[in-house]
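Protein chains in written order, with my numbering: chain G, -12 to 114; chain W, 701 to 919.
In case anyone wonders, no lab produced these hints; they're calculated from the structure.
One thing to keep in mind: the hints can contain errors.
Unchecked claim - Here are the simulated lysine-lysine pairs, PhoX-like style, with alpha carbons at most 20 Å apart:
no.: 1; chain 1: G; residue 1: Lys28; chain 2: G; residue 2: Lys58
no.: 2; chain 1: G; residue 1: Lys58; chain 2: G; residue 2: Lys14
no.: 3; chain 1: G; residue 1: Lys14; chain 2: G; residue 2: Lys79
no.: 4; chain 1: G; residue 1: Lys79; chain 2: G; residue 2: Lys58
no.: 5; chain 1: G; residue 1: Lys97; chain 2: W; residue 2: Lys790
no.: 6; chain 1: G; residue 1: Lys58; chain 2: G; residue 2: Lys37
no.: 7; chain 1: G; residue 1: Lys28; chain 2: W; residue 2: Lys891
no.: 8; chain 1: W; residue 1: Lys896; chain 2: G; residue 2: Lys58
no.: 9; chain 1: G; residue 1: Lys36; chain 2: G; residue 2: Lys58
no.: 10; chain 1: W; residue 1: Lys796; chain 2: W; residue 2: Lys780
no.: 11; chain 1: W; residue 1: Lys790; chain 2: W; residue 2: Lys857
no.: 12; chain 1: G; residue 1: Lys14; chain 2: G; residue 2: Lys87
no.: 13; chain 1: W; residue 1: Lys790; chain 2: G; residue 2: Lys79
no.: 14; chain 1: W; residue 1: Lys917; chain 2: G; residue 2: Lys88
no.: 15; chain 1: W; residue 1: Lys896; chain 2: G; residue 2: Lys88
no.: 16; chain 1: G; residue 1: Lys97; chain 2: G; residue 2: Lys79
no.: 17; chain 1: G; residue 1: Lys79; chain 2: W; residue 2: Lys896
no.: 18; chain 1: W; residue 1: Lys917; chain 2: G; residue 2: Lys79
no.: 19; chain 1: G; residue 1: Lys87; chain 2: W; residue 2: Lys917
no.: 20; chain 1: G; residue 1: Lys97; chain 2: G; residue 2: Lys87
no.: 21; chain 1: W; residue 1: Lys891; chain 2: G; residue 2: Lys87
no.: 22; chain 1: W; residue 1: Lys796; chain 2: W; residue 2: Lys896
no.: 23; chain 1: G; residue 1: Lys87; chain 2: G; residue 2: Lys58
no.: 24; chain 1: W; residue 1: Lys917; chain 2: G; residue 2: Lys105
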Amino acid sequence: MALDVTMPVLVVDDYATMIRIIRNLLKQIGFTNVDDASDGKQALERIEKKQYGLIISDWNMEPMTGYELLKQVRAASETARTPFIMVTAESKTENVIAAKKAGVNNYIVKPFNAQTLKGKIDAVFGE
Amino acid sequence: MGAAQQKPKSDETSIDALINLSDKLKANKAKNMSLTDVIGVAELLTSSLQPLLRQIDSTIHSELRGILLRIEGLRKEIVKVRADDISNNKIPEMGKELSAIVESTEGATNSIMEAAETVLEIETDNFEDYKQAVSDQMMTIFEACSFQDLTGQRVTKIVQTVEIIEERINLLCEMLDMGDENLPEEELNQKQKRNKELLLNGPANEGEGVDQSAIDKLF
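Extracted from the complex, chain W is given alone in its bound form (with noise of 0.2 Å):
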């Protein structure tokens, strides 16, 4: 079978070649097929295939390009989080301002308290030394309610924090394409676990939870 033996010169002849050697197999049924005839056929068929195999090549070819110029640019857009400065700076300063919250309002209620025990326990029966006495005190604790004021700006600065890693999440996420839906469910940590179980949920904000005689009724 000479047709099968002939080079493709392009892949629209290795095309034709192919539809003229399979009508020539169709018209021969009866004659039984040379070596040379299934060579032909193979290389037929290898060489059709090979217009397929370029195209996929160069699809993939140029999907991986378009990846790997997305992977660099989102690289270059990263650095922009700053991820590096919000674990060695940001989050570390915000604890370190909430400690000092906790520390000024203890120091300041155990001085306020501190002054309301003494007034409680004077004992004279001279006026001018209780009014004296009271008024030492009452000065204390005018001292004392000074904290308000620092942890108001410690506060401050917490807040700007938290806005600013906010703001660097959302940069992150536009940057990734990341939107709300399809998000997996999500995964409690151990202290979460032993939180919702024991059913510890901290003091609820206003409008949240029951009040006193909410709960005086189920008493």
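Only chain G is shown next, with the shape it has when bound in the complex (with noise of 0.2 Å):
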């Protein structure tokens, strides 16, 4: 899979601010084609109508967390395959596995800097 930075990317975190952050930070990186949800379940509803590249979601939210999100994405054939980071505060070893055996993709924990976002981007691309 080839890092195309013109491909959508869903940003998926209840907090405006870090969806903010990232926005900038992608912005930095070369993205510019960038969505955002607060919520996992608002997050299908964009999943449902658009293709996306790349998803970026926190865990921790209301009423659908990150994790759900992460199995229902698996879990339907037309986005099993689709790149999937998890940018998360929770960091017990627990969850790092959970996110795993889910199918995550690569795991950041919070606080984090635009050189981890953009390693963690291009690992995932194989860059």
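Please assemble the complex out of the two chains, which come individually in their own frames, going by the hints.
Below you can see the structure in the form of structure tokens.
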């Protein structure tokens, strides 16, 4: 899978501030086609209407968490292989293992910087 | 049987009379007992139970009085916990302070981000203009950082309130002689069950959880 900075990216976080930070970081990296959602449920609505090349999601959200979103994304054949990066403050080993088992492509612990985000995106796309 | 018809004069005499009657009945096993004898035995048995019943009555009375005095004492002490003040004032005050902290940090973050975005988007070839524009935005950032002073004070107020509540709960536990032993297992409410199932642990404190490099090794 090649990294294409024009591909649509979906950022899912319940904090508008965090969405803004990630949007700015993605912009610095070169991504311009970025949508956002405030929880897993809203993200699924976006995913139904548009095919995303990358999903970056928080874990702890209401009513649907990022973990639940990940499982639903992996369960649907159309999105089963969509790159999914978890960006979260949940840093317990059990969370990381559960996310990996559910099929996450990479995992970033908050707070993070542009370099970490770029590094993980590159790693997911094999750059 | 004349002995059976005697009225006991005291607790000891009724017991003595019962023993005597028992001895006589044992000695006259062959003879049939008359109705008078049976009534006499019943009377003696009843009167012999009186001391025991009086003792039970006085023990219960004294224990109930003790419980009553303890409850009266506790009622006077529990007033000191001021539960109404905790639920009507302290907890809502803390909620307001926390909301104000969230609002001010959010406001400050937005101001700082706006300033940063403005700097990133400055388009000028003139160095002096660029310097002035950056300087203006840096001042905005400094101003926004003043939120830390206010939130610090609000956090201090919350900590003080939590300490007051802790003191009062400790007072209540002391009054009720409640220790940590034999505590029933905590029953999880709906929200806690959901958090447990979905691994919603929240941010880890320093030294807890795994860092990014450890996570990277798993991938």
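For each hint, the structure was consulted:
no.	hint	verdict
1	Lys28(G) <-> Lys58(G)	holds (12 Å)
2	Lys58(G) <-> Lys14(G)	violated (28 Å)
3	Lys14(G) <-> Lys79(G)	violated (30 Å)
4	Lys79(G) <-> Lys58(G)	holds (19 Å)
5	Lys97(G) <-> Lys790(W)	violated (32 Å)
6	Lys58(G) <-> Lys37(G)	holds (18 Å)
7	Lys28(G) <-> Lys891(W)	holds (18 Å)
8	Lys896(W) <-> Lys58(G)	holds (17 Å)
9	Lys36(G) <-> Lys58(G)	holds (19 Å)
10	Lys796(W) <-> Lys780(W)	violated (25 Å)
11	Lys790(W) <-> Lys857(W)	holds (10 Å)
12	Lys14(G) <-> Lys87(G)	violated (27 Å)
13	Lys790(W) <-> Lys79(G)	violated (33 Å)
14	Lys917(W) <-> Lys88(G)	holds (15 Å)
15	Lys896(W) <-> Lys88(G)	holds (17 Å)
16	Lys97(G) <-> Lys79(G)	holds (12 Å)
17	Lys79(G) <-> Lys896(W)	holds (13 Å)
18	Lys917(W) <-> Lys79(G)	holds (14 Å)
19	Lys87(G) <-> Lys917(W)	holds (12 Å)
20	Lys97(G) <-> Lys87(G)	holds (17 Å)
21	Lys891(W) <-> Lys87(G)	violated (25 Å)
22	Lys796(W) <-> Lys896(W)	violated (28 Å)
23	Lys87(G) <-> Lys58(G)	holds (11 Å)
24	Lys917(W) <-> Lys105(G)	holds (17 Å)
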